[in-house]
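Kindly generate the complete structure, drawing on both the sequences and the hints.
2 protein chains.
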Amino acid sequence: MRYLLLTTYDGTCFSGWQRQPGKRTVQSVMEEAAREIFGSDVRLTASGRTDAGVHALGQVVGLDVATGIPPEKLSFCFNRLLPPDVKVRESAVAPEGLDPSRSVKQKTYLYRAYHSPCEQPLFGRFAARLSAEPDLFRMREAGKLLLGEHDFAAFRSAGFSSKTSVRTILSLTVEAAEREWGKEYSVSVTGNGFLYNMVRILAGELFAVGCGKEERISRALETGARSELAKTMPPCGLVLMKVDYGVPVFGAKER
Amino acid sequence: MRYLLLTTYDGTCFSGWQRQPGKRTVQSVMEEAAREIFGSDVRLTASGRTDAGVHALGQVVGLDVATGIPPEKLSFCFNRLLPPDVKVRESAVAPEGLDPSRSVKQKTYLYRAYHSPCEQPLFGRFAARLSAEPDLFRMREAGKLLLGEHDFAAFRSAGFSSKTSVRTILSLTVEAAEREWGKEYSVSVTGNGFLYNMVRILAGELFAVGCGKEERISRALETGARSELAKTMPPCGLVLMKVDYGVPVFGAKER
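Going line by line, the protein sequences match chains A and B.
Here this note's numbering is used: position 223 in the first sequence is 1499, and no number is missing along the way.
Here this note's numbering is used: position 143 in the second sequence is 1419, and no number is missing along the way.
You may find that some hints are simply not true.
To be verified - Straight-line alpha carbon distances no greater than 30 angstroms define the calculated DSS-like cross-link-like pairs of lysine-lysine that follow: (1) K1299(B) with K1299(A); (2) K1349(A) with K1489(B); (3) K1381(A) with K1349(A); (4) K1459(B) with K1507(B); (5) K1489(A) with K1459(A); (6) K1507(B) with K1439(B); (7) K1459(B) with K1459(A); (8) K1507(A) with K1439(A); (9) K1459(A) with K1420(A); (10) K1299(B) with K1489(B); (11) K1459(A) with K1349(B); (12) K1420(B) with K1439(B); (13) K1459(B) with K1349(A); (14) K1381(A) with K1459(B); (15) K1349(B) with K1489(A); (16) K1381(B) with K1459(B); (17) K1459(A) with K1381(B).
As the list claims (entries may be wrong) - Simulated coverage check for chain B against chain A, where a stretch passes if three residues somewhere in it have a Cβ under 8 angstroms from a Cβ of chain A: (18) 1359–1369; (19) 1475–1482.
Unchecked claim - Quick list of the computed label-pair ranges, beta carbon to beta carbon: (20) F1413(A) with C1289(B): 35 to 45 angstroms; (21) S1447(A) with G1344(B): 48 to 58 angstroms; (22) K1459(B) with Q1294(A): 25 to 35 angstroms; (23) V1341(B) with T1449(A): 46 to 56 angstroms; (24) V1341(B) with E1451(A): 36 to 46 angstroms; (25) V1369(A) with G1500(B): 50 to 60 angstroms; (26) S1447(B) with Q1382(A): 42 to 52 angstroms; (27) G1500(B) with P1360(A): 28 to 38 angstroms; (28) L1446(B) with C1289(A): 39 to 49 angstroms; (29) Q1382(A) with L1412(B): 29 to 39 angstroms; (30) D1411(B) with E1451(A): 24 to 34 angstroms; (31) K1459(A) with S1447(B): 24 to 34 angstroms.
The hints are simulated quantities; they were obtained by calculation from the structure and are not laboratory data.
Even for Gly, the Cβ is constructed at its ideal location relative to N, Cα and C.
What follows is the structure in structure tokens.
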């Protein structure tokens, strides 16, 4: 039987999702809990890797195991054993034939940043600091250029190869909010898939354009040259918000 | 010359404000930075102590020192040396005769909590988890009983003695917001002063009333018995938001 775990983590103290020798990763911490629950080694598969320092609110993790534990109770079994920085929000039986990684239809990421006269201890764990105050209108205009199907070769870091760099961005919104200590910005992006570091590069370019840099997105989409674009934003601002399989997987709390 | 530092910290890894042998406290970390900046021991005074685990967005810290550094540049000098979990938002010369602790006219605290099927790694660092979902209307009605001048003897933990336990609560608001993972609650309270643990006891009682407990505030204000009230909430949900001296101290960013 295949089960799915709706998983949230504070990525600060993890070396990303994937198991690596000698490193604290989300996969290794969760597989340790699984071993304790089921009494044997159980392999966990995520909807996709997240990098060191990247957070998740709605990562989906799958496991194949034979157990008498009711599916909805699995979350409690994991949460009793997991450390405070990773928790299972909900657990369920996987729909027939669903593969946690290959069946993904859409993913939504949030990138958060802020502008302020100093680093913000109460906010900086989950957001990157900007050196200038970006213009929302310019960011939104530039964001429109990314919508739809494009070859996003320029929006990819070296290191992971996918067969194709064509992806479709289904929605992209930019928001800002005034805070006591400065201004907070968020870029929310939904797509049918993302290349390695794509959201962090894309957010970096939008912030750069917002801060007055000439818009280089159209050209980068044509040339595919990473060097056309701003630098990759730090991982702390990134949250994997939602994984969509085109079928209902979890209950009310998924939303 | 007396200077004031508008200070923010994530209290998670501090044993509170006050210097204690062998403990990492905000005062000791900031006094270390001060020693490096001024080349001699400088005593720092806060508007008041905060407990272990309690956060601050607007703590005010004073120091008496002779220096050629322009007052508004002091914040940069500190921030270069301070760790990421404590920063100085702004620095200024203190108004004539202002004592960082004794001249306080009002303070504002925020207490944050949430209700959710599991612990929330992306939110729980700065909020306490509730075991049930409180009713906002009941919390607000109970909150009205606390407004004005009262003897808050029942809303004080043993350990610190103040001459009088009479305090005035000037405003108290309760808010809630829906999140993807559950519901977030906040209690914001402004008063002319607070007893030891007063905000954490007061918030705990409001949440208890909201979750269906019979209202015991009126009786507790009469009897002064701590035992009438719900348990003290954990420190992680508490933030010292603002210290008001009745005169402008910092610039625009203070708000």
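message: Checking each numbered hint in turn, tell me which of them this model violates, lowest number first.
response: Going through the list in order, the structure violates hints 10, 16, 19 and respects the others.
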